[in-house]
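Novice: Start from the sequences, fold in the hints, and give me the full structure.
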Amino acid sequence: MNLFEALRIAGNGLLANRLRSALTTLGILIGVTAVILLVAVGNGASVQINNQVQSLGANVIYVYPSNARGTGGVSQGFGTGQTLTQADVDAINNRQQAADVVAAIPIAQSGGQITYGNQNYFAPTTGTTPAFPTVRNYTLAQGSFFTDDDVNARHRVVVLGQTVVDNLFGSTDPIGQTIKISRQSFRVIGVFASKGGTGLGSQDNVVVAPITTVWAYLTGARGKVISQIVASASSPSVVTQAETEITTILLQRHQISDPTQADFQLQSQQDILTQANSIATALTLVLGAIAGISLVVGGIGIMNIMLVTVTERTREIGIRKAIGARRRDILIQFLIEAMVLSGLGGALGIAVGALLANQAPNIPAIASSNFPTPIVSVPSVVLAFSVSVAIGLFFGIYPANRAARLHPIEALRYE
Amino acid sequence: MITLEGVTKTYRMGRLEVPALQGIDLHIGQGEFVAIMGASGSGKSTLMNILGCLDVPTSGRYLLDGTDVAKFDDDQLARIRNRKIGFVFQSFNLIPRTSALHNVEMPLVYAGERGRTERAREALGSVGLADRVHHQPTELSGGQQQRAAIARALVTNPAILLADEPTGNLDSVSSVEIMRLLANLNAERGRTVILITHEQDIARFAKRVVELRDGRIVRDAMSAA
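Chains as they are written, first to last, in the numbering used here: chain D, 161 to 575; chain V, 882 to 1106.
Misleading hints may appear alongside valid ones.
Stated by the list, open to error - Chain D side only, calculated, beta carbon under 7 angstroms to chain V, not exhaustive:
id	residue
1	Glu-476
2	Ile-479
3	Ala-482
4	Ile-483
5	Gly-484
6	Ala-485
7	Arg-486
8	Pro-568
9	Ile-569
Since the hints were derived computationally from the structure, they do not count as laboratory data. Beta carbons: idealized from backbone N, C-alpha and C, even for Gly.
Specialist: Right, here's the structure in full:
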């Protein structure tokens, strides 16, 4: 019996019970749609996270102080060390020692209530040097960034991110206005162009001031702490070399001979990207697995219907056996029926899922939120289709085998 | 052609052993038209199942075309049924929602043979259904359905045609029609026909009558007609 005959017989059987076949197919259709859609959302989230991390600056390397150790060797927690100095920053900025580093900047963080008129808002204040926009990949939408003079003279000037501007000023032009951070007055001299990042780590929720100003007016008793150094490599391909150069400089400057005892640690954008990707992949897998459950439920639906079909068509099976169908012929016939059901559901499910994923950005509620744009990937389509056919095969085997094992005489006698 | 030697068949019903056939010796030659008669419970259905290779005897030998099929497994029996036996059933047993043509093609599909459509048309033509090939079973009268079933039985050119109460569900006019058709197939084309029936009128069409009672042959005689 060739495949075409088998398909024709299967199609005939399925068309005999159109509503039942359609409902069974619907079970698989919904499962596959869910898989396609949820995996697409996971992919979209992955791309979104990637873009966000990329927007931090593609070639960026972070240098953090290691956990400070007390006299008893007790670790005092991440970032508590105070081992980084302005001299370290200057050394990294020395092109002879670090040929692959474009620029390095010190960062001093301070939190504080920001007020303008009767508006108030909370955002971290970053103290740094004029190379900040270059290193962190910011551009200015309005005004200008502060200069070395501002740093040397501890001028109380700030550059704001778009989110801060939106929250404090509304429609007022912020340039030249005075805001208060922890009750100290600062003049706004510039506004960064929005980076479009969202959520907690938003790149638009920033207040940047000269590091000396932050030390003088905001960090208070903590003194001239540099919480991290941010350096940017000249290209993504030399990030590793740049990291080696920075490590060498700092080990030498801190007089540490054993790299495992270093009092600082490096993290590159690539490291962060790798971590973000592994989180996104896990998310996609979890979403896919949840959707996969509905696919299994659909498969059980197929098995159920195939068992009913085999019982109903016992007599037909008897006739076929009497005129010469072997076990294998009957087995293949019912397996193909199950696989046609599930394959059809799979194909339609892919179409519906892809359509929904495509149309999702056009739904106002989704367009206005931060919901990631779903991205249907080819592997997920291929996988969903093969899995749905495989489910037909898996859940079809038992009913088909039951049909194939029927005894012809008893099957013929069945009413 | 067909030789049964000491064939017995015993059914088990729980602990009870029910003997359905108790030693049947029978020879049927090429081109014969035999009616097997008997009341219900006489064992004629069991005999027909064994002759039709739907079942195997508990003991004894069954030589069909020179091969002993008594020990064949399911798939080997399916092959024998497909190639050497054509069934005609009381309730026609055409496959529903399937045209007469596809029904008649079916044995050829399982045999994996070529030129199925032409051969199926030819077979339908030979039973006078040339103009009904695309009709489904529900669109055919009882007599037409039985003729389509005969066409299906003939299409593989089998060694024997096994008709189990072929007129049981038909009115008397159609019954005579079907019996004439079977008689013609035997007389003009030399087909071996085995007919199972409990009706004297129908058995009269056959040339030889074998009568069963309680699983034994009690009479084997040439028909008067």
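Novice: Each hint should be assessed against the structure and marked as holding or not.
Specialist: Each hint tested on the structure:
The restraint placing Glu-476(D) at the interface with chain V holds, with a minimum CB-CB distance near 6 angstroms, inside the 7 angstroms limit. The restraint placing Ile-479(D) at the interface with chain V holds, with a minimum CB-CB distance near 5 angstroms, inside the 7 angstroms limit. A hinted interface residue such as Ala-482(D) counts as satisfied when its beta carbon comes closer than 7 angstroms to some beta carbon of chain V; here the least separation is about 5 angstroms, so the hint holds. Nearest Cβ of chain V to the Cβ of Ile-483(D): about 5 angstroms, under the 7 angstroms cut. The hint holds.
With 7 angstroms as the threshold, the beta carbon of Gly-484(D) comes within range of chain V, its nearest partner Cβ sitting at about 2 angstroms, so the hint holds. At about 5 angstroms, the closest approach between the beta carbon of Ala-485(D) and any beta carbon in chain V falls short of 7 angstroms, and the interface hint on this residue holds. Taking 7 angstroms as the C-beta cut-off, the interface hint given for Arg-486(D) holds, the closest approach to chain V being about 5 angstroms. The restraint placing Pro-568(D) at the interface with chain V holds, with a minimum CB-CB distance near 5 angstroms, inside the 7 angstroms limit.
Taking 7 angstroms as the C-beta cut-off, the interface hint given for Ile-569(D) holds, the closest approach to chain V being about 5 angstroms.
Violated hints for the displayed structure: none, as all numbered hints are satisfied.
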